[in-house]
Amino acid sequence: MSTATLDTTTVKADFPLLSREVNGHPIVYLDSGATSQKPRQVLDALNRYYEEINANIHRGAYLIAEQATTAVEDSRAALARFVGASAAEEIVFTKNATESINLVAHSWGRSNLSEGDVVLLTTLEHHANIVPWHQLAAERGVVIRWIPLDDDGRLDLTDLDHLLDGVRLVAVSAASNVLGTLPPIRRIADAAHAVGALCLVDASQWVPHYPTNVADWDCDFMAFTGHKMCGPTGIGLLWGRRELLDAMPPFLGGGSMIQNVTFEGFTPADVPTRFEAGTQPIAEIVGLHAAVDYLEAIGMEAVRQHELDLTAYALRTLMERFGDDLAIHGPHDLENRGGILSFAYRDIHPHDLSQVLDQHGVCVRAGHHCAKPLMKVLGVNATARASLYLYNDESDVDALADGLAAAGDFFAF
Amino acid sequence: MAGLEDLYREVILDHYRSPRNRGELETPPALMAEGFNPLCGDEIQVYLLLEDGVIAEIRIGGQGCSISQSSASMMSAAVLGRTPDGARELLRSFKEMMSIHEHGLDGEAISTDDQPGASGLGDLEALRGVVKFPVRIKCATLGWNTLDQVLDQAGT
Chain A
1 MSTATLDTTT
11 VKADFPLLSR
21 EVNGHPIVYL
31 DSGATSQKPR
41 QVLDALNRYY
51 EEINANIHRG
61 AYLIAEQATT
71 AVEDSRAALA
81 RFVGASAAEE
91 IVFTKNATES
101 INLVAHSWGR
111 SNLSEGDVVL
121 LTTLEHHANI
131 VPWHQLAAER
141 GVVIRWIPLD
151 DDGRLDLTDL
161 DHLLDGVRLV
171 AVSAASNVLG
181 TLPPIRRIAD
191 AAHAVGALCL
201 VDASQWVPHY
211 PTNVADWDCD
221 FMAFTGHKMC
231 GPTGIGLLWG
241 RRELLDAMPP
251 FLGGGSMIQN
261 VTFEGFTPAD
271 VPTRFEAGTQ
281 PIAEIVGLHA
291 AVDYLEAIGM
301 EAVRQHELDL
311 TAYALRTLME
321 RFGDDLAIHG
331 PHDLENRGGI
341 LSFAYRDIHP
351 HDLSQVLDQH
361 GVCVRAGHHC
371 AKPLMKVLGV
381 NATARASLYL
391 YNDESDVDAL
401 ADGLAAAGDF
411 FAF
Chain B
414 MAGLEDLYRE
424 VILDHYRSPR
434 NRGELETPPA
444 LMAEGFNPLC
454 GDEIQVYLLL
464 EDGVIAEIRI
474 GGQGCSISQS
484 SASMMSAAVL
494 GRTPDGAREL
504 LRSFKEMMSI
514 HEHGLDGEAI
524 STDDQPGASG
534 LGDLEALRGV
544 VKFPVRIKCA
554 TLGWNTLDQV
564 LDQAGT
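Residue numbers (my numbering), protein chains in the order written: chain A, 1 to 413; chain B, 414 to 569.
These are computed hints drawn from the structure, not numbers from a lab. Please note that a few of the clues may not be correct.
What the hints assert, rightly or not - Derived pair list, reagent style SDA-like, types lysine to any residue, alpha-carbon separation capped at 20 Å:
1) B:K551 x B:G416
2) B:K545 x A:C363
3) A:K376 x B:Q458
4) B:K551 x A:N56
5) A:K95 x A:N56
6) B:K545 x A:G361
7) A:K372 x B:G475
Source: prediction; values computed, not measured.
Same shape as in the complex, but just chain A (with noise of 0.2 Å):
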């Protein structure tokens, strides 16, 4: 049931934490680029799982085994669906975001990337989607070529064609979690494709906030993860070309993952099982798929026009109440960022800022974000970032801004 709008006062009362407060103040969380918080639907189906069906999957020929191994596939069913994928097995289950993108370096890299071979980064990678790299150049001599920004913080491909050359692999961002950017992923999975590369996709700060389908991005793979779309922590997810992922050998090793081990050796199971070693995070699993059913049920068109609103308002505002004071980093125009708003005020440090806003109980994070190549480019060490999310609404714009005002007056110097 798809609403064309969404009633934040309804969404805001299904996240208990969103009721309590902080310093004396009511908590005015806008840190959902970190970790989103978790509505009330989640929370319990983590506990109905323990208390109901807790059992290890995939072995065990009794009830609550055979409902617990349901559960995690009828996740993965609506998670594939939940981005377009064409078959559930397409949908691996790591540990983050992070650990999808470390399986693709380690696996798919290590079988076909060799010395000179070119990795094709953006300025706009969180480390997530930079190390892994770093650690295969180190490796096996593989370079690492960057696509730059353009002066507003998109990405500037003018030379895309050159930046193309010897490349294997593009691995890009869908949002950026610093300036809210949204690169075209189609063109670039395009231009890859033209010159034989393939295409992987940090989509953790894309797929809660939008619809994704990743047939229409037409990428290979899909990195993202669980706790930023109002999941639990510890549940990422790798989405694969089933070709792809049927040629790659395994990451990790041990239990689960096998068709048949010997004294002599092993032979891996099929995918997606031959990625999932060890006992699967079965609860987190459960809960994300009641965070998949959340968000559809809100509709996320409505989340994405939600945001766009909200977005619109909150750049007006900052704008209106401090002017040149404060600079926002990252595009301005809405049809190419989210809401993400990185922001330098007057010459206060992030961190400082925090500080301030932490004491009227509003929640920001002040720091490098993980993307300390894109801050090198930004000139700065550190900035402060509101983000926002389904559940925020005006209100929590206005306090930040009052927030702001109030640093102002404290650091006046």
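Given chain A, work out where chain B should sit, using these hints.
Chain B only, in chain A's frame:
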């Protein structure tokens, strides 16, 4: 509840506004160490010139928040003219003050020693409130840990 005034004492804001011993020294003869706060990206450089067994000059470079900058500024003023041993003594006292494990959130009195010139922390006492904001302890100790590194380089 710990309030902002517990953290941002006037003397801290003064050192933040007007940092002491800011800048660089030529290396060599000076030594330099660089410290990073991986949490927030702050970075600091501590330049040290030893002459006749004492810290003759010290300079602080880099960028950081009010707590890391003021702590480094106060540190630079406090260790100037001290021997490396005397500076380490102060470093120990300071880190003891920052240790929430040993002193709890109320911050008990720290032990001072009897060595000449190392009798107390002076202005640095203003940073005691930082222990009520555990995330900021790394900010306050950044300059000190970097001083520790540069003293190691000096082989002292």
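Hint-by-hint comparison with the structure:
Restraint check: the Cα-Cα separation between K551 of chain B and G416 of chain B comes to about 19 Å, which is no more than 20 Å; the hinted pair holds. For a cut-off of 20 Å, the pair hint linking K545 of chain B to C363 of chain A stands: about 18 Å separates their Cα positions. A hinted pair counts as satisfied when its Cα atoms are at most 20 Å apart, and K376 of chain A with Q458 of chain B qualifies at roughly 17 Å. Straight-line distance between C-alpha atoms of K551 of chain B and N56 of chain A comes to about 42 Å, which puts the hinted pair past the 20 Å bound.
At most 20 Å may separate the alpha-carbon atoms for a hinted pair to count; K95 of chain A and N56 of chain A meet this at roughly 17 Å. About 17 Å separates the Cα atoms of K545 of chain B and G361 of chain A, which keeps this hinted pair within 20 Å; it holds. Taking the CA atoms of K372 of chain A and G475 of chain B, the gap is near 16 Å; set against the 20 Å cutoff, the hint holds.
Comparing the model with each numbered hint stated earlier shows that hint 4 is the single one that does not hold.
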